[in-house]
Amino acid sequence: MNRIQSLFANKKRGILSVYFTAGYPNLNDTVPTLEAFEKHGVDMVELGIPYSDPLADGPTIQESSTIAIRNGMRIEVLLSQLKEVRQKVSIPIVLMSYFNPTYLYGFERFCKQASEAGVDGLIIPDLPAYEYETTYKPIVERYNLSFNMLITSDTPDERIRKIDELTNGFIYMVSSAATTGGTSSMSDAQMDYFKRVSEMKMNNPLMVGFGVHNQQTFAEATTYCNGAIIGSAFIRAQKNGEDVDTTVKKFVSSITGNQ
Amino acid sequence: MGTKRIYTANFQLKVCGITQAENAIEVAKLNPTMMGFILYPKSKRCVSLEQANSIADLLPKHIKKVAVVVNEPLEKVIQLAESTLFDFIQLHGNESPEYCQTVSKHIHVIKAFGIEKQLPDNLEEYANCCTYFLFDTKTENFGGAGKQFDHKILDSYHLNVPFLLSGGIDLDSIDRILTYSNKQLAGIDVNSRYEDEPGIKNIEKLSNLIKRLRPMIKKVSKEGYYGNYGGAYIPEMLQKNVSELAENYQRIIDDPSFIEDFQSLLKDYVGRPTPLFHAKKLSAKYGYKIYLKREDLCHTGSHKLNNVIGQALLAKRLGKKKIIAETGAGQHGVASATVAALLGMECTVFMGEVDIQRQYPNVMRMKMLGATVIPATSGTKTLKDACNEAIRYWISHTEDTHYLIGSAIGPHPYPDMVAQFQSVISEEIAKQLQEKEGRSYPDAVIACVGGGSNAVGAFYHFIDDERVELYGAEAGGCGADTDETAATLTIGTDGIIHGTRTILMQTEDGQVCDAHSISAGLDYPGVGPLHAHLHSIKRGTYLPITDQEALDAAFELTREEGIIPALESSHALALLPKLKMKPTDIVVVNLSGRGDKDMQTYIDLMNSGKK
Numbered sequence: 000m001n002r003i004q005s006l007f008a009n010k011k012r013g014i015l016s017v018y019f020t021a022g023y024p025n026l027n028d029t030v031p032t033l034e035a036f037e038k039h040g041v042d043m044v045e046l047g048i049p050y051s052d053p054l055a056d057g058p059t060i061q062e063s064s065t066i067a068i069r070n071g072m073r074i075e076v077l078l079s080q081l082k083e084v085r086q087k088v089s090i091p092i093v094l095m096s097y098f099n100p101t102y103l104y105g106f107e108r109f110c111k112q113a114s115e116a117g118v119d120g121l122i123i124p125d126l127p128a129y130e131y132e133t134t135y136k137p138i139v140e141r142y143n144l145s146f147n148m149l150i151t152s153d154t155p156d157e158r159i160r161k162i163d164e165l166t167n168g169f170i171y172m173v174s175s176a177a178t179t180g181g182t183s184s185m186s187d188a189q190m191d192y193f194k195r196v197s198e199m200k201m202n203n204p205l206m207v208g209f210g211v212h213n214q215q216t217f218a219e220a221t222t223y224c225n226g227a228i229i230g231s232a233f234i235r236a237q238k239n240g241e242d243v244d245t246t247v248k249k250f251v252s253s254i255t256g257n258q
Numbered sequence: 000m001g002t003k004r005i006y007t008a009n010f011q012l013k014v015c016g017i018t019q020a021e022n023a024i025e026v027a028k029l030n031p032t033m034m035g036f037i038l039y040p041k042s043k044r045c046v047s048l049e050q051a052n053s054i055a056d057l058l059p060k061h062i063k064k065v066a067v068v069v070n071e072p073l074e075k076v077i078q079l080a081e082s083t084l085f086d087f088i089q090l091h092g093n094e095s096p097e098y099c100q101t102v103s104k105h106i107h108v109i110k111a112f113g114i115e116k117q118l119p120d121n122l123e124e125y126a127n128c129c130t131y132f133l134f135d136t137k138t139e140n141f142g143g144a145g146k147q148f149d150h151k152i153l154d155s156y157h158l159n160v161p162f163l164l165s166g167g168i169d170l171d172s173i174d175r176i177l178t179y180s181n182k183q184l185a186g187i188d189v190n191s192r193y194e195d196e197p198g199i200k201n202i203e204k205l206s207n208l209i210k211r212l213r214p215m216i217k218k219v220s221k222e223g224y225y226g227n228y229g230g231a232y233i234p235e236m237l238q239k240n241v242s243e244l245a246e247n248y249q250r251i252i253d254d255p256s257f258i259e260d261f262q263s264l265l266k267d268y269v270g271r272p273t274p275l276f277h278a279k280k281l282s283a284k285y286g287y288k289i290y291l292k293r294e295d296l297c298h299t300g301s302h303k304l305n306n307v308i309g310q311a312l313l314a315k316r317l318g319k320k321k322i323i324a325e326t327g328a329g330q331h332g333v334a335s336a337t338v339a340a341l342l343g344m345e346c347t348v349f350m351g352e353v354d355i356q357r358q359y360p361n362v363m364r365m366k367m368l369g370a371t372v373i374p375a376t377s378g379t380k381t382l383k384d385a386c387n388e389a390i391r392y393w394i395s396h397t398e399d400t401h402y403l404i405g406s407a408i409g410p411h412p413y414p415d416m417v418a419q420f421q422s423v424i425s426e427e428i429a430k431q432l433q434e435k436e437g438r439s440y441p442d443a444v445i446a447c448v449g450g451g452s453n454a455v456g457a458f459y460h461f462i463d464d465e466r467v468e469l470y471g472a473e474a475g476g477c478g479a480d481t482d483e484t485a486a487t488l489t490i491g492t493d494g495i496i497h498g499t500r501t502i503l504m505q506t507e508d509g510q511v512c513d514a515h516s517i518s519a520g521l522d523y524p525g526v527g528p529l530h531a532h533l534h535s536i537k538r539g540t541y542l543p544i545t546d547q548e549a550l551d552a553a554f555e556l557t558r559e560e561g562i563i564p565a566l567e568s569s570h571a572l573a574l575l576p577k578l579k580m581k582p583t584d585i586v587v588v589n590l591s592g593r594g595d596k597d598m599q600t601y602i603d604l605m606n607s608g609k610k
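Those protein sequences? They're chains A and B, same order as listed.
Residue numbering for the first sequence follows numbering that gives the first Met the number 0, beginning at 0 and increasing consecutively.
Residue numbering for the second sequence follows numbering that gives the first Met the number 0, beginning at 0 and increasing consecutively.
Mixed in with the good hints there might be a few duds.
What the hints assert, rightly or not - Over 12 Å on every C-beta distance to chain A, these chain B residues come out as not near it, computed from the model: (1) Val68; (2) Phe141; (3) Ser172; (4) Ile202; (5) Ile209; (6) Ser263; (7) Met367; (8) Glu548.
Said to hold, decoys possible - Below, in silico cross-link-like pairs of lysine to any residue (SDA-like), each with a Cα-Cα straight-line distance of 25 Å or less: (9) Lys380/B to Ser79/A; (10) Lys161/A to Glu246/B; (11) Lys136/A to Gly226/B; (12) Lys320/B to Pro155/A; (13) Lys239/B to Arg160/A; (14) Lys194/A to Ser395/B; (15) Lys380/B to Asn70/A; (16) Lys380/B to Ser5/A; (17) Lys82/A to His39/A; (18) Lys221/B to Tyr129/A; (19) Lys239/B to Glu130/A.
Hint data in this document are derived by calculation from the structure and do not stem from the laboratory.
Fair warning: this is a prediction, and the values are worked out from it, not measured in the lab.
We put the CB at the ideal spot given by N, CA and C, even for glycine.
This is chain B alone, in the form it adopts within the complex (with noise of 0.2 Å):
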């Protein structure tokens, strides 16, 4: 793990000196965080309050709007602040610490100090009224200097007050600045050096810094990380395989006779693209506007085919012969047999016998697509154990066998390579949106969570654009405050689990724990690396749904769409209630798998007379 911070959502770009809408509008599409106007009469990029306004307003919301000042009266500052049209006041001048606090009371604030040789004497007295400060190049007119400062004076800043850069920021020393150790940096303050002329924006060059500054949050590191989760934790025995995956996956998927085969089976095989529906009384219902995609629509029942199809593929191009699977709920181990039979393929699958037994009707499945099945007895006999048992075997069948593993979890490059495999539903989303709504992303995207992979595939295409809200259920069992839980994220800690550094439920000595859900597909007590980046990132928010909730859910949905769902999906569904969104706001739910497998349940819970 390099020193380079990972700089996500929460890192602040300020692109300040706006003056022109066109130009505004477009430096708006590279999404930074913060947009400055200044209204400081002596500046050359100054703007009249009536035309940041009508620029303003072109511009998204979720854009922070900061007007610049320079030694107003108090009584201007205060009333720009009450007139709702900025997130921000940036105090640029000498303004004192009781201006500021007054200030503060109305808006937050950004107060700027011009840093010649050390840092001011009396920072400290602004401190509890600013939510920023701005460090730049001292000049003799209040900023615009355009240059460096020894960015080494930082290094005595010590208040908890986060900071933003500002000063001569350009790409020479952008790597530098993200290199930089004080954990108080927010953010950098850019503006001359990003301009054709003063006022207007060089959107090029705005757009390699952006670059730079946020690495995709979804790209996995060469080493196979995501931030500080994923890696490859594994045995010697089994470097030779996974090093093969590792080095020969991605070229692999590049290839365009792949990619062909690929999207052919997508399109004729499994049934693609699965039909993005308007769930009419849904939205109704919750106040917004919901789309349900259709994964339950896929060949053999569920999202899963995806991937294993290009597995499968991938397998053959490496010179394998044999799969072996885990599988939870079945669902996994039936695309795996599928494909097998397809692909002409020897499969063995690995399902705990508890598992076995609650999923009969998949068990027969694999066996009749010609799969071996066997039972997990170790440990807690459920999805962690066949994963176990699935791994040991490849141990002693390293040769023709690639280990097909179902879920967005394990060592890398598995978790990437799952995630690029299943981005397909994400990519359909953004483009039946398009057609649909005349825009390419939702407000928000809905998936459940076990190790993820229908909630990665959901995801992707939105995971850098920070327009899109990602929500993860998690099956929270008799409740996550309970033993009998799978709410990994919730309740999880840092480890180790198949090959990966992820969060689990672990008891203090580092045992992994058993998880618990009523759905065997989320019944596992780890979570993808990719997931575990986005919960401690905050770029996604995952919340348990008690088994109650979800079989609610399932319900609900069967009884006003006619459509009914996996357990699993049916946690997805039940996150509806739970969202805050507006009337305008269109929220995708992934419905990941249909619920013919869960009919015992649904049919005990209606003769027991509570359905």
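Isolated chain A, as found in the complex (with noise of 0.2 Å):
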């Protein structure tokens, strides 16, 4: 079991998991961030690797990937900033990255470093099922990491199960039909779609994220899911210029509620 499949062991509901781009605002920021989230209540993050073209991204990721990538940071640098990242953090760590830079650096070369450097899972949204099933499935499970794979309220119930298969950390359940960063609350539609899903008690927990940015859409996403995932809306936090410490402590409790 590592690290992502004990947390949802142990911990059933109101899961948080917080996204942020890896060399951003500063190049060094990783294992600050990593420590503060920790410290503060975070459950699980989602560390972003800089990639020139995210599709699946709004312009508040597009934008701290762009700086990220000028500040130098690259797959190589990140993981050696995780080094010895696991001597001081204990929380899951779920690597995100288009594919392409994945594949230019050599997945399997990829998939080795980042679970020797301690991380425990990986998104790719844009390696889709089939790819995954056919070629790259056996290099993660080589490497012992969870595969985490994205849904839509588009996705057919079957096509749920196949992912719901071939997952083995937690279902990304996208919350709209958007890219991320999004500001609005959920709507009627989106909670049907969430109790929909829940309700088909698959084998993976489920995450929901894209558009959760408050406490309001963070209770709405989490009301039949396990957890939420918050994005943008920490990036723009970063933004106010205060230390990494107090920028998370304060966007934690905005968020949960608690002080």
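Put the complex together from the two separate chains, hints included.
Set out below in structure tokens:
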């Protein structure tokens, strides 16, 4: 059992996962941010490898990625930053990357080194089920990483079942048909979709992402599902210019309501 | 990706034992790579040198002729080699390494070995003088057993000489042979299994063999691959729309009522067929026959409308009411806005902020046609970012919107769908050449390549016809060896861009690079997966053309033939002086677009006194 799997085994509800872009706002913020997450009660982290053409992301994450790349962030740098991170924190780490950078790095080399650095899982939004199953699954499994796949409200039940079979961490439920960074509250249709999928009783826990940005949407997203992932809202919070610890502390309490 | 290899133009098919002229001509039409004449008196298929000579004369030059001899005196074989009748000598007896060595100084040598239980011990001694080895089943009489030896024996073969496989290869065993993993397997040699009687080949059986050997290069696999390139690398949010297209596009394209609607608009709205114009002055200048395929005369000024009409009609049949499109030069945007107006659909076009400035008249055309133009302000603010923005918009508007991709790029089924819609270009070229030249194919086709839609259209019907050379002109920008370039196939590496696995310009970290070209339509850091495949198997030749070369070619065409071409098409024209063709050769240049949109660039050049 890796850290993701034990998290879900021990905590069933209200799991908070926060995304941040590696190398943003500064190249060496990765480890301090992870420490602050753990200290202030973030349950899991989605650590984004910046990419020049992030199709599934909105402007907030793209902008942070552009800056991170300019800061010199690359897979090699990130993995070396993570090398001793397991002596400092035990929070589950999920690396999020578009497929191309990992492909160029060498997918197996990437998985091996990530695993050695203490990474627990991957999200690769543009590596579809077919390619994953036929080519990459054995590699991911060889290094004991969780592979966490996305579903949307348009995904047919049969495909959801298939994705549940291929996933071995959590299912990333895209809340709405949009890119990341939405700022409205959840609609009735979205709530119905969360309920519908939760009633399918799948093997993997459900984490809602996209459009979760405050206490209300976090509560809505976690009504039927195990937890939620917040990305753009945290990146917007990072712009306040406060130190990492203060930013994270204020942000977490704004989501969970705990002081 | 299965284990079956991709057999290409490089895979040799040798049809051996040719004895009769009419039959040989029929065999040649099937395009084997080699035809063999057996000059061994004891063979049932023996022909005299005179007979071989008179038959070989009737066959196209690109099919290699092989003389098969057995233990002939060395002087006689050298004489044969020097007669230039043959491209290869196949030594099918007990010829020594020294003998082969001497012959190889005069001609390419295929050395045959009869295999019984194991490979010959002294193979290595032949390695430096043979172009191919040929492994046949061992018989008393040097070949002709028509039986297979145990191919497992070849697992121990590890020399660098490629080999042909012979002996009883029938249709039942061909698939097994094709999955055979020894990478030196370069082809097969067939004879008695494909005959009506000794020396007379059965054309139907051979034709079936060829279909098995060479699945059409241009045909995409079920998962959307051309060889290693293609596929659909898309986030789950696009899965529904893209799957819906993939599951339905071929059915709709093949539907007779769709074909009727499509053909009727191509004829009466686009203005097809476009002329095939014999450019006499250019021909005289370069010393071979040059035709221009006048896509610039299509409504809206380029080939783009062919694909746009096809996709818009298809989208309507899928119940979509809105179309979105990306555009570089504005040609695809204008074409999309035009068809949206015609078919009563809502149209939104994404265009890089930089391109909006350099293609202002096209922006106004789109607006006049009722389209909304949204500037792409992310990244480099050019075509790739317009694609990103269009995809993002599509993610948020999946319900009633079709993303009308303007080039042979994007996730499956787009590259194949666009290729099929644009294939009207090569279909017309074939027909028009038949009328004008009495043959349905040129010796070469040239087209410019950005994403590659006009090129794939001009190549399409010729991709699997090895008589036709395919040339793509990439945008070299300031030079393919500088940072200011868009010569993707020249300098790019394998990766994923906009949902397809292809070749792209990227950093070693896998970040997509900025492309540069004087022509906005070629300013793209990727290329369609079929072009990546054609490039990788060497079926197509892709060369970079600099901004300056393209400009020179634009002014040359204008002054020689009175046609002002688009800067994109000028890249194709600029390849003309670089080709090595014979005076009788016919070359078709796909003149993909007209130069109106580039007038400001041309005007600036003239005002600066440089033209």
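Here is what the structure says about each hint:
For Val68/B, the non-interface assignment is confirmed: its Cβ lies about 48 Å from the closest Cβ of chain A, beyond the 12 Å cut-off. Chain A leaves Phe141/B outside its interface by the beta-carbon criterion, the shortest separation being 46 Å against a cut-off of 12 Å. Against the 12 Å criterion, Ser172/B stays outside the reach of chain A, whose nearest CB is about 27 Å from its own CB. Distance check for Ile202/B against chain A: the nearest CB is about 39 Å away, which clears 12 Å, and the non-interface claim stands.
The non-interface label for Ile209/B is consistent with chain A: the shortest C-beta to C-beta separation is roughly 29 Å, beyond 12 Å. Non-interface call for Ser263/B relative to chain A: holds, since the shortest CB-CB distance, roughly 35 Å, exceeds 12 Å. No beta-carbon of chain A comes within 12 Å of the beta-carbon of Met367/B; the shortest separation is about 29 Å. No Cβ of chain A approaches the Cβ of Glu548/B within 12 Å, the least distance being about 29 Å, so the stated non-interface status holds.
The suggested pairing of Lys380/B with Ser79/A is violated, with an alpha-carbon distance near 33 Å, which exceeds 25 Å. For the suggested pair Lys161/A and Glu246/B, the alpha carbons sit about 19 Å apart, so the restraint of at most 25 Å is met. Of the pairs offered as hints, the one joining Lys136/A and Gly226/B holds, with about 21 Å between alpha carbons and a cut-off of 25 Å not exceeded. About 23 Å separates the Cα atoms of Lys320/B and Pro155/A, which keeps this hinted pair within 25 Å; it holds.
The hinted pair formed by Lys239/B and Arg160/A meets the criterion: a straight-line CA distance of about 16 Å does not exceed 25 Å. Under the criterion of a C-alpha separation no larger than 25 Å, the hint pairing Lys194/A with Ser395/B is consistent with the structure, at around 22 Å. Of the supplied pair hints, the one linking Lys380/B and Asn70/A holds, its CA atoms being roughly 21 Å apart against a limit of 25 Å. For a cut-off of 25 Å, the pair hint linking Lys380/B to Ser5/A is broken: about 44 Å separates their Cα positions.
A hinted pair counts as satisfied when its Cα atoms are at most 25 Å apart, and Lys82/A with His39/A qualifies at roughly 22 Å. Distance check on the hinted pair: Lys221/B and Tyr129/A sit about 12 Å apart at the alpha-carbon level, within 25 Å; holds. Taken as a hint, the Lys239/B and Glu130/A pair is honoured in the structure, with Cα atoms around 17 Å apart against an allowance of 25 Å.
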